[in-house]
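Spelled out, the chains give:
Protein chains: 2
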Amino acid sequence: MGGDFAPRNVVEGALACARDSRCDFAIVLTGREDALRAHLPARVPENIRLHHTDDIVDMHDSIAVALKARKNSSMHVSLQMQKEGTAHASISAGNTGAYMALSTLILGRLPGIERPTIGTFIPSQSGPVLLIDAGANVDSKPSHLLQFGVMGSIYTELMLDRERPRVGLLNVGEEEGKGNDATIAAWQLLKQAPVNFIGNVEGRDILKGTLDVAVCDGFTGNIILKFAESFPGLLKSKFLQFASRSAVHKLWVGLIAGTFKRMIRDWDYQTYGGVPLLGVQGVSIIGHGSSTPKAFTNMMFRAKEMVDRRVNDTIRETFSALNTNT
Amino acid sequence: MGGDFAPRNVVEGALACARDSRCDFAIVLTGREDALRAHLPARVPENIRLHHTDDIVDMHDSIAVALKARKNSSMHVSLQMQKEGTAHASISAGNTGAYMALSTLILGRLPGIERPTIGTFIPSQSGPVLLIDAGANVDSKPSHLLQFGVMGSIYTELMLDRERPRVGLLNVGEEEGKGNDATIAAWQLLKQAPVNFIGNVEGRDILKGTLDVAVCDGFTGNIILKFAESFPGLLKSKFLQFASRSAVHKLWVGLIAGTFKRMIRDWDYQTYGGVPLLGVQGVSIIGHGSSTPKAFTNMMFRAKEMVDRRVNDTIRETFSALNTNT
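As given, the protein sequences belong to chains A and B, one line each in that order. Position one of the first sequence corresponds to residue 29 (this note's numbering), numbered consecutively onward. Position one of the second sequence corresponds to residue 29 (this note's numbering), numbered consecutively onward.
Hints listed in this document are in silico derivations from the structure and should not be mistaken for laboratory results. Here the structure is a predicted model, which is why all the values come from computation and not from measurement. It is possible that some hints are incorrect.
[What the hints assert, rightly or not] Cross-link-like lysine-lysine pairs, in silico, DSBU-like; alpha carbons within 30 Å at most: (1) A:LYS219 to B:LYS254; (2) A:LYS264 to B:LYS332; (3) B:LYS99 to A:LYS264; (4) B:LYS266 to A:LYS236; (5) A:LYS264 to B:LYS264; (6) B:LYS96 to A:LYS289; (7) A:LYS278 to B:LYS236; (8) B:LYS236 to A:LYS322; (9) A:LYS289 to B:LYS206; (10) B:LYS264 to A:LYS322; (11) A:LYS332 to A:LYS322; (12) A:LYS206 to B:LYS278; (13) B:LYS264 to A:LYS278; (14) B:LYS169 to A:LYS169; (15) B:LYS169 to A:LYS219; (16) A:LYS111 to A:LYS96; (17) A:LYS254 to B:LYS169; (18) A:LYS266 to B:LYS278; (19) B:LYS332 to B:LYS111; (20) B:LYS169 to A:LYS278; (21) A:LYS96 to B:LYS206; (22) A:LYS206 to B:LYS169; (23) B:LYS99 to A:LYS206; (24) A:LYS289 to B:LYS264; (25) A:LYS264 to B:LYS322; (26) B:LYS289 to A:LYS289; (27) A:LYS264 to B:LYS266; (28) A:LYS254 to B:LYS266; (29) B:LYS266 to A:LYS169; (30) A:LYS169 to B:LYS254; (31) B:LYS289 to B:LYS236.
Let's have the full structure, built from the sequences with the hints guiding it.
Right, here's the structure in full:
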């Protein structure tokens, strides 16, 4: 029931997923049954089930309200199903703050993880780079940054089939000893961590793609992510400005706009389809409020892959080994 | 003597400036006289003077070394001339850390300013937006953020002729109470400051240009600035990738590349020509290591403008009024 175009986009995305030949799983739609049915055909595909809930977490609900007063909300029930073992993953494009808090509180944290984190892929010159934390936490201690790096490395390795992902600490200079108190201490921790740590990296290294995982606090990560997302808008405005100068300019833009769009297609965040909340005992995928049906379909396949590729088991095993060693 | 192409680019930039009809000031080149003369004509223009210094601050010199052991360096002498009143502004593209520290220590801070700051313009959909602090400080207290906002507002108003610049606090959400401890406290301070405070802004607002001054700590600012500077490189790689697909693709790119370059011309950081260190008792302009002669010319005109438009006097008067009121 969450997102700007709910429940239409969610239901349409689920239908497309259910009808895809690669879909080897069942989709449970939690929400108001009548609202969901309005977007479904009379004969619902076999691999789509409806689970009626009569409440909804509102975009303006506080975390306390979402947790205590909305126990029969679509969001709450979906996570509860995971907790009880009747579902393997949850997806929501609703109130992000509430969804992250509910995921953490209902599913619980994985052993060794202090703060669950959001990892998001940013397109670079040589494929996607994982930015982690992209906004789940506003203040991050050195131990949090270490955990972001280890989880980000595991996620990138398993989901993108990249061997020994290069993990960099986002900083204001490349040399050891650069940065604020948190990054200086985190550098030491990451150096000894079971990841391919390449040291400090700078803002320019993300788009250059000279690394696979960029570790940062969630404050910086959130600002970079939103800054990056606004780049296509800037380009579009440049095209429009240029086109407005004369009929000839307009013709030019008409000719090149399509080509250009194809060139920057990987800047379309819909293809990535949501971001995972890493560090919880389950799979919790956070969708953008404006997610299209296609984005929802991608999120469903992404969630299944996270289960199949044993992301959480690997995180658990890695942190268990870390704690035994220290 | 500083920068990747020193002293050639500095000297060529000075020559172009001196020969420009708008140049109503004198340029003093500090450095090794023989090295400077190698790039000057036999007859040096009247408004260029040479001031021989036999030492240089190296890119790898620590701040302590730059300050104590390099007293006869081109950087040190240039700032010393300002301190003594024989120069009105200094420009350097050398060791940035050393130059900022020397500027602060030799020139001194303006009354009421705890931390000098770098303000840099980022091109947006509707003209340049000042990002402040762009990297002078790694940890910023709420009072520092307040001072960045006030200085940034004055600088933007006087240098870009913008009335009542909109000052936003860069944050992870728009509502009051969002953010980390520093931004939550800074919000309260900025609300009462003598600026047109529009509240919290997000990463996407910078390129949208819905504000004039984006206030942030220097850690976040430095990472955003370097991230932004790497956009043109990403676009270039997209063009090259596209061109490599076939002869037809290559032809297309050949046809549109020039047009496209003109469209994003304001992403050329050379046109802005360096960034000021605000909050010191003088004018200290920091150039990029790779500054072209054109960038140096622009820095010289920019420095003159900062003197003419009374940026420092206005900062002094504003903080003096602030301190009287509290």
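Against the structure, the hints come out as follows:
1. A:LYS219 to B:LYS254: Judged against 30 Å, a Cα distance of about 24 Å means the pair holds.
2. A:LYS264 to B:LYS332: Violated: A:LYS264 and B:LYS332 sit about 36 Å apart, past 30 Å.
3. B:LYS99 to A:LYS264: violated, 51 Å
4. B:LYS266 to A:LYS236: holds, 12 Å
5. A:LYS264 to B:LYS264: Within the cut-off at roughly 17 Å; holds.
6. B:LYS96 to A:LYS289: violated, 55 Å
7. A:LYS278 to B:LYS236: With Cα atoms ~22 Å apart, A:LYS278 and B:LYS236 stay inside 30 Å; holds.
8. B:LYS236 to A:LYS322: holds, 26 Å
9. A:LYS289 to B:LYS206: violated, 35 Å
10. B:LYS264 to A:LYS322: Since the Cα atoms of B:LYS264 and A:LYS322 sit roughly 29 Å apart, the hinted pair holds (cutoff 30 Å).
11. A:LYS332 to A:LYS322: holds, 16 Å
12. A:LYS206 to B:LYS278: Cα-Cα ~42 Å, so violated.
13. B:LYS264 to A:LYS278: Given that 30 Å is the threshold and the Cα spacing comes to 23 Å, the pair holds.
14. B:LYS169 to A:LYS169: holds, 17 Å
15. B:LYS169 to A:LYS219: Roughly 29 Å separates the two Cα atoms, so the pair holds.
16. A:LYS111 to A:LYS96: Distance ~17 Å between A:LYS111 and A:LYS96 Cα, so the pair holds.
17. A:LYS254 to B:LYS169: Holds: A:LYS254 and B:LYS169 sit about 24 Å apart, inside 30 Å.
18. A:LYS266 to B:LYS278: Satisfied, since the Cα-Cα distance of roughly 23 Å is no more than 30 Å.
19. B:LYS332 to B:LYS111: Roughly 16 Å between the alpha carbons, so the hint for B:LYS332 and B:LYS111 holds.
20. B:LYS169 to A:LYS278: Judged against 30 Å, a Cα distance of about 49 Å means the pair is violated.
21. A:LYS96 to B:LYS206: Given pair A:LYS96, B:LYS206 holds - Cα atoms ~22 Å apart, limit 30 Å.
22. A:LYS206 to B:LYS169: holds, 19 Å
23. B:LYS99 to A:LYS206: Since the Cα atoms of B:LYS99 and A:LYS206 sit roughly 26 Å apart, the hinted pair holds (cutoff 30 Å).
24. A:LYS289 to B:LYS264: Holds, at about 14 Å.
25. A:LYS264 to B:LYS322: Since the Cα atoms of A:LYS264 and B:LYS322 sit roughly 29 Å apart, the hinted pair holds (cutoff 30 Å).
26. B:LYS289 to A:LYS289: Given that 30 Å is the threshold and the Cα spacing comes to 16 Å, the pair holds.
27. A:LYS264 to B:LYS266: holds, 16 Å
28. A:LYS254 to B:LYS266: Holds - the C-alpha atoms of B:LYS266 and A:LYS254 are around 21 Å apart, at most 30 Å.
29. B:LYS266 to A:LYS169: violated, 37 Å
30. A:LYS169 to B:LYS254: This hinted pair holds, its Cα atoms lying about 24 Å apart.
31. B:LYS289 to B:LYS236: Holds - the C-alpha atoms of B:LYS236 and B:LYS289 are around 20 Å apart, at most 30 Å.
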